[in-house]
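Student: Listed here are the chains, written in short residue letters.
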Amino acid sequence: MRNQFILISVQYDKIPSDYDLNEEVTGVLRVKVDKKVSLKYLKINLVFELRGQASPVSMPSKEIVLVNNGTWDVGETYKYPFEFAGGLTPSYKGYNLQTLWYVHATYLLTEESQKATGTYKFYKKIFSSRMVESYKSTINIQNVSKKLQVETNSVNIGGGNYFWVISFVVLFFCYLAHQSGNLEGWGYLIPAITAIISFFSFGLFLRDYYYFSDMKIRFLKEKPEYIQAEILLNGRTNRLNNVKIGYKIVEKVLDDRGTSTVTLTNDNYKYLHQGPLKGHNGVIAVDLPLPKHTEFPASFSYGKHEINWIIFLKTPGVFSRFLKEIPIRVIYK
Amino acid sequence: MMPERQVKGFSLNQLFCEKMPVLDYNPFGGLTDEELKFVMSEQHDLSKMVEEIKASENFVIEFIGKKGRGKTTHLRRLAQLMPEAFYFNPDRQSTEEIDIDYPIILIDSFHKLPLLKRQDIMKKHRGVIVHTDHVSRFAEYFFCGKKWKKYLFKGLNASVLKSVILGRLRVVLQDEDKNILLDESQIELLLNTFGDDFRGILNYLYRSYRDYNTFISQKKLVPR
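Same order as they appear, the protein sequences are chains A and B. In terms of this note's numbering, the first sequence opens at residue 286 and continues consecutively. In terms of this note's numbering, the second sequence opens at residue 23 and continues consecutively.
Because the hints were derived from the structure by calculation, they are not lab data. Any given hint could turn out to be false.
With a straight-line Cα cutoff of 30 Å, these simulated DSS-like cross-link-like pairs (lysine-lysine) come out [what the hints assert, rightly or not]:
hint, chain 1, residue 1, chain 2, residue 2
1, A, Lys589, B, Lys139
2, B, Lys59, A, Lys321
3, A, Lys537, B, Lys134
4, B, Lys169, A, Lys589
5, A, Lys325, B, Lys59
6, A, Lys328, B, Lys139
7, A, Lys378, A, Lys555
8, B, Lys59, A, Lys328
9, B, Lys41, A, Lys299
10, B, Lys89, A, Lys378
11, A, Lys320, B, Lys59
12, B, Lys200, A, Lys317
13, B, Lys200, A, Lys537
14, B, Lys200, A, Lys364
15, A, Lys347, B, Lys59
From the structure, some residues in chain B lie toward chain A, with a derived Cβ separation under 7 Å [what the hints assert, rightly or not]:
hint, residue
16, Cys39
17, Pro43
18, Tyr47
Each residue gets a CB set at the ideal place from its N, CA and C atoms; glycine is no exception.
Produce the entire structure from the sequences given, and follow the hints as far as they go.
Tutor: Structure (structure tokens):
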């Protein structure tokens, strides 16, 4: 982009999508001027920026001074090679926000008549062909061995007990009425059959609760391609029907533009497994493949903007479903 | 939360005359201060306002308008034009941080400050306060012995909307000379639906662009 009479351009050595996370970002910055100028400095930064519906947030990570007290003449093309160290997180295009990298060039002219600052952005999508995540910071045996929580839209245990007690009381009074001779013939059968059906229905629910309420998930090892995990069922069963396992990306952005402030959130689901799982001795081993890096942003928190990761596991149930959500922190290294 | 408004017959592709440019990011989101000066269209002459502010004392200037009409944008631009001013945003800073030693204080969302705090600032500060609000607070200025002036923010026409959309695209493209054509009928559609709700239009364009890019199609997989 041209600012006044100075044209600055950047050429990267590789096309954006070919950069690996640990690779240096290299290229050449070129300057052309329409009239002779002297400048105090020309510097470039490698900037990490979060953009979205809210105001952008930038974090300059590194700075290189290319010119310190210099001059640019008309007709010349000045070339400044640059190199930024690797170890970057990949660019991410989400729902409410996206994160991206760019090289940002600024200059300051010294002459009073031409005193000006110029600023240029050269966007660069940095992706990686391979990635490594670390779960160590938030996942440990303690926080994954908690009891499963009942999902808010499922039948809760208190309601189930109440149902069971009612069934039992109805059945008991049917028996008493029958014994006392107040109910003759088949009149007592309708409430009695209803109570028996209710009792067995709850039995199934109780069985689910018995089998799965103590279920735990344990992470054994993380690898570049997948996470090894074990689901522990306390030896009561070796099979889970219709289990769902996946990742959920939670984007949270504070849109504080103007006089109205809104928090924008979005949950983006990615399923890794849907269907039955089998195991031995109450233990089911499962490998959770990691999504492609382009869909897998690093965990991020800056001010009131966040990208959080959750591994979720849903178990089967006849009258209830159980959901376990485990927060994870994704770090590229 | 208000339901998202839909514009019947609007298509982002048609807005750009079937030549939707390839962009690095969604151009209709928030802007940095640096980008703001390339994009914004002034409803009021800010350079004149700067002169007025610098020549005044014990004075309040209020930017009044409904949400999304450009009050904060103008205030941010004013902060760029007057680096000596203190800029306060109640969503990002605590009210304790307001420094009344600055001769010029710019306050975004004045209504978010408690009444007593507003009174306290106005009584102690002898310079110029510029703030944004939805309604005029002339009674408060009167009780604090301040003179005041009101700038209204309302109204939006096709040429301003076009220049803002083009400005935003050029910032992303980093090319101020690029020739981009916009379909007039699509601009009219936006204005007929949203009126002068500038942010409403930009939010709608933001969502349209996001949905246009099918990257996040997996959102539809949400269970439950």
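Student: Each of the hints needs a verdict: does it hold here or not?
Tutor: Structure-based check of all given hints:
no.: 1; hint: Lys589/A with Lys139/B; verdict: holds, 25 Å
no.: 2; hint: Lys59/B with Lys321/A; verdict: holds, 26 Å
no.: 3; hint: Lys537/A with Lys134/B; verdict: holds, 22 Å
no.: 4; hint: Lys169/B with Lys589/A; verdict: violated, 37 Å
no.: 5; hint: Lys325/A with Lys59/B; verdict: holds, 24 Å
no.: 6; hint: Lys328/A with Lys139/B; verdict: violated, 43 Å
no.: 7; hint: Lys378/A with Lys555/A; verdict: holds, 15 Å
no.: 8; hint: Lys59/B with Lys328/A; verdict: holds, 22 Å
no.: 9; hint: Lys41/B with Lys299/A; verdict: holds, 27 Å
no.: 10; hint: Lys89/B with Lys378/A; verdict: holds, 28 Å
no.: 11; hint: Lys320/A with Lys59/B; verdict: holds, 25 Å
no.: 12; hint: Lys200/B with Lys317/A; verdict: holds, 19 Å
no.: 13; hint: Lys200/B with Lys537/A; verdict: violated, 34 Å
no.: 14; hint: Lys200/B with Lys364/A; verdict: holds, 25 Å
no.: 15; hint: Lys347/A with Lys59/B; verdict: holds, 26 Å
no.: 16; hint: Cys39; verdict: violated, 23 Å
no.: 17; hint: Pro43; verdict: violated, 13 Å
no.: 18; hint: Tyr47; verdict: holds, 5 Å
Violated hints, in rising order: 4, 6, 13, 16, 17; the structure is consistent with all others.
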